[in-house]
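Based on the hints, put chains B, C and D in the right spot on chain A.
Number of protein chains: 4
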Amino acid sequence: MKIVMKPGAAQAQIEKVIEVIRNNNLNPHVTDEGGPVVIGAVGDGYGVPRETFTDLPGVESVVDISQPYHLASRPFHPRDSVFDLGAGCVGGEEIIVIAGPCSVESRSQILETAQAVREAGATALRGGVFKPRTSPYSFQGLGEEGLEYMAEARAQTGMPIVSEIMSQVQLDLMVKYVDVLQIGARNMQNFNLLRAVGETRTTVLLKRGLSATVEELLMSAEYILAGGNQRIMLCERGIRTFETATRNTTDINAIPVLKGLTHLPVLLDPSHSTGEADYVMPVARAAIAAGADGIIVEVHPDPAHARSDGKQSLKPEAFAKLVQQVKAIAEVIGRRVAA
Amino acid sequence: MKIVMKPGAAQAQIEKVIEVIRNNNLNPHVTDEGGPVVIGAVGDGYGVPRETFTDLPGVESVVDISQPYHLASRPFHPRDSVFDLGAGCVGGEEIIVIAGPCSVESRSQILETAQAVREAGATALRGGVFKPRTSPYSFQGLGEEGLEYMAEARAQTGMPIVSEIMSQVQLDLMVKYVDVLQIGARNMQNFNLLRAVGETRTTVLLKRGLSATVEELLMSAEYILAGGNQRIMLCERGIRTFETATRNTTDINAIPVLKGLTHLPVLLDPSHSTGEADYVMPVARAAIAAGADGIIVEVHPDPAHARSDGKQSLKPEAFAKLVQQVKAIAEVIGRRVAA
Amino acid sequence: MKIVMKPGAAQAQIEKVIEVIRNNNLNPHVTDEGGPVVIGAVGDGYGVPRETFTDLPGVESVVDISQPYHLASRPFHPRDSVFDLGAGCVGGEEIIVIAGPCSVESRSQILETAQAVREAGATALRGGVFKPRTSPYSFQGLGEEGLEYMAEARAQTGMPIVSEIMSQVQLDLMVKYVDVLQIGARNMQNFNLLRAVGETRTTVLLKRGLSATVEELLMSAEYILAGGNQRIMLCERGIRTFETATRNTTDINAIPVLKGLTHLPVLLDPSHSTGEADYVMPVARAAIAAGADGIIVEVHPDPAHARSDGKQSLKPEAFAKLVQQVKAIAEVIGRRVAA
Amino acid sequence: MKIVMKPGAAQAQIEKVIEVIRNNNLNPHVTDEGGPVVIGAVGDGYGVPRETFTDLPGVESVVDISQPYHLASRPFHPRDSVFDLGAGCVGGEEIIVIAGPCSVESRSQILETAQAVREAGATALRGGVFKPRTSPYSFQGLGEEGLEYMAEARAQTGMPIVSEIMSQVQLDLMVKYVDVLQIGARNMQNFNLLRAVGETRTTVLLKRGLSATVEELLMSAEYILAGGNQRIMLCERGIRTFETATRNTTDINAIPVLKGLTHLPVLLDPSHSTGEADYVMPVARAAIAAGADGIIVEVHPDPAHARSDGKQSLKPEAFAKLVQQVKAIAEVIGRRVAA
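Residue numbers (the working numbering), protein chains in the order written: chain A, 166 to 504; chain B, 166 to 504; chain C, 166 to 504; chain D, 166 to 504.
Calculated directly from the structure, the hints in this document are not laboratory data.
Accuracy of the hints is not assured; some may be wrong.
[Unchecked claim] Lysine-lysine pairs mimicking BS3-like chemistry, simulated, CA-CA at most 25 Å apart: (1) K181(D) x K167(D); (2) K492(A) x K492(B); (3) K492(A) x K486(B).
Same shape as in the complex, but just chain A (with noise of 0.2 Å):
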């Protein structure tokens, strides 16, 4: 339910609003924005009934939240999340780049490629250092070492830096290091984990499950909103379906989808979603052009030899042209890419 008080009701009156949110085992989320206050009564509490709140004091009108999340919902927040990333901003006119290789392999590998991002135009800087692989034999990531080159190169290039975090018990050490604790597809329902996040006031970029419904993913989200933790990125990197000339198929649908029933700001991964360098560059620009807040691109020095996902990843060169046509794109649209 949201509470929305009257035009100018009194401060004792919000109290008792939130006073009885509370006793009736729900979270109170106050939104004052110059306009009439809006309490939202979040939880469990469907039998909880609307006149506990209608005949309260100072209460204008009680609504009814109908979709299964409230916080990460259009009519509990209306207006678009903004929020900063680096010296960008994400969420509003700005749209952000985030490149870097899938994983983190070494100091030199790390840094070469962050350079070359951040000359390409990137807003910020990706690389894993726990590495979530089908195999337990294939390649498990770098860990803390791998934290230290991130570090090293948000030093020598000024961009936030990235990364996946797989399970709780990575997460003081994830918060030490970085600016963005990345939630891989295969996590996106590891729900300890997304409230161990939700805890933290570090920004979120939680990607889409193989085969989440968009409804899911926003309950996801929610998970992390309960613990009050609002800087939170969606990013649709591909759902599995029958095709297999692509690695996964980009629902390009999501990104409007997303974008009306959320205030969050929504990403697109080219990369994931194609699993093709070839396809990238065509569904970064789908990706903008659709109105997503950024996309994020594994770029890879020598990608012929990566450790992971050579063949999705983009030589720097390539990922140079893709900048520029992003910003071509962006400005017809009315946008342009974070510096």
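Here is chains B, C and D on its own, set in the frame of chain A:
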């Protein structure tokens, strides 16, 4: 197999190769575009050894074609297929925009819509007169009466007309009226129908089946090409996946994938691929950004009262805006919308 | 709508109801099985108010039919549809086993196979003469010559014969020869074909489309029922999913789901639904255990040299073993294989 | 690679092979079951040439393992893995039936259910205490309190208990209480969790992910096996497809496919794979008929008031009937339900 002749091979040598191809129960397809003459030997002749041709006089080399489709493939026909559509051209620099109602409902409805989409910048007019409806009790189309109205709309606006054919028994009637025979998703593997339109020289708009792979779409095009009809436009119209937030899932990857595998023009239908008027514009922009050669869009003067597909139909005003945006994106990538 | 007449309603009252149904552009379907007479009013008559019928003399009640299909639904026809197939019966206690090669390849091949499956305990013989092949260059079937061989096999073994029809232009020919018209997965929504077989009174085996929902399958059956042909067997033959370990995914759930929604008999085709001979036996057993009214199985005397579907075809010996196991499962659940 | 030793190879020769395996950063797995000793060399050692081993004394032959999983594969371990579960055995002739509520809701609920399923013939008791819920506002389980009730139910009935683990931080607690650690569909690729349970010697019930291929399921089992835990039961629980008539699509094919590819026992969960109580019985029968080694079924004394999954839960009476039918099918195929 593809037999490449030596430069300056004699006509008699070419004819000898053709004769040997026919003797092996294969069909010869000669390509003579200035460079060396190339003769495709197409059919179920996998048992025929290469040596059958390598030793013939004038033969430079014999190339295997590895895909299960031949005539539709890039290796067989490396350059883009370009052909006229009304005053415009499809498959080259120009982008075509086909627009109109799902169904022709009345004379005034189609004439009014034709006028509106013409003014907004459409290249061609669509309108169904035989409707493939899931329910036997739904409106099944106006039949020949509808074709007469379509022809009248063509006469008034100068636009070529596109309409769906559902069965080979409708072929003579349809060919008499329309400029483009549309084969719908449900008939993509109606092989009798494919063969029938392959015998004509009328342009075909072949839509991808609901759960057809990109390869199967090309195999279906091969049926038409094998009959000698080379005027085929392919059309991505959304595939069926687990996601229910939209009617179908737009497989945007299919655009660059198809452009790589085949020389045939590739269109996208954002109306069916999303199923919701609100998502048509962003996905139409994405289509062009991804490299599509055109789009086909449902437009209705009064969507709320349309007899079919009202939910996904644009009003003429919204369509006019869409054309403006598509033009802007086209320009950025060095193309233009056909007048 | 379904108009339930009062017990002992006069014939004139029934005729009046029928007249009013027709005046509203609907089709009357009278059910008179000893209890109260029920008259279905079927068609696109959603605008017709209930009061049109409630006030007519002799009318007990008017019931809405909520599904988009009417004649195929349990509410419209609560009891199982049972009809004869050769010496056996389908839809009742008996389980039918249809067996034979994917394609009729030669006179000796089909006669030999017919003999073998007959001895093993099959109820009916299958064999394709018009083949829907993905490639235009693959074997397309023997056509009428194949039908003659099938007829000869019937004469020799006494088994009814089943063969696929691909287009309404083949209807006269097919009806002349076969006992069961099979409509393949690719033609499940070839509505012209559905309407054509609906006009006949020949039994139809309607296969579920590759990506058709259970509801869409029932809508396609409705097309045939609306034409007056009530001898329809539905067939689950596997759906297309992301899993590539098998050719298709057997949707075993569809068996109880269909048995609940419709009165029509439901078969399963474990050959196509798995695509691999090794999996046919366990999935055939599962079909019967789940409540299917029969199975259709591909059998070939020499699978390694079959012109189509060899990989999924059983040798006669393996098929004989399968029939034994199916019989054992059938007995456990109180059914028996039709002799 | 798999190194097959000569009959009667000396212990020193075996140890030398093991040493060379370790020197190449691979893990040795020795199989000595009476026949020739076989030593698996498992890990990311694709660069290691066969000659490394072929020339060592006592080596008969070196066999490549082509699948991406080794320890889970039939070639590595041709005989069925059989291990005890309570008084019964899984993976051999016996069929196991695990039953109980989705969630442990109260002491009386779980004790009552345990008694009822025990009387009906269940082998083991299931009950969730940590619940992976799509919504953060849904009931999340009783935690340790629930485990205590489960332990009490075990003490009363003698049945082993099965409960889901959601995170490696719950491992010590869970291992203290339960006989079988269930890993749910959403955690099938939670690699940290897989590795953690691989370090224990507690039996694991590993459920297939919503959109995981059979191969990926085996790769996840490989993570557990690589840690040394060989007591793994795999479980098909329905996959996500386009069909919405049921909650999931039971992939019945997966039963024979898995039985062919791996030596591990394979179960089926008809409650989740259908999502509807009415379909549980027929699909349970189908599972056994297809060759499953067991089933896991949700049973609740009062499904209408269950805090989770009520729609798919059976009442104890219906479950008792199910066990009778499963027993009858088991007998027909030469198996029996574990007492």
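Outcome of the hint check:
1. Taking the CA atoms of K181(D) and K167(D), the gap is about 15 Å. The hint holds against a cut of 25 Å.
2. Between K492(A) and K492(B), the direct Cα distance comes to roughly 17 Å. Compliance with the 25 Å bound is thereby established for this hinted pair.
3. Distance check on the hinted pair: K492(A) and K486(B) sit about 22 Å apart at the alpha-carbon level, within 25 Å; holds.
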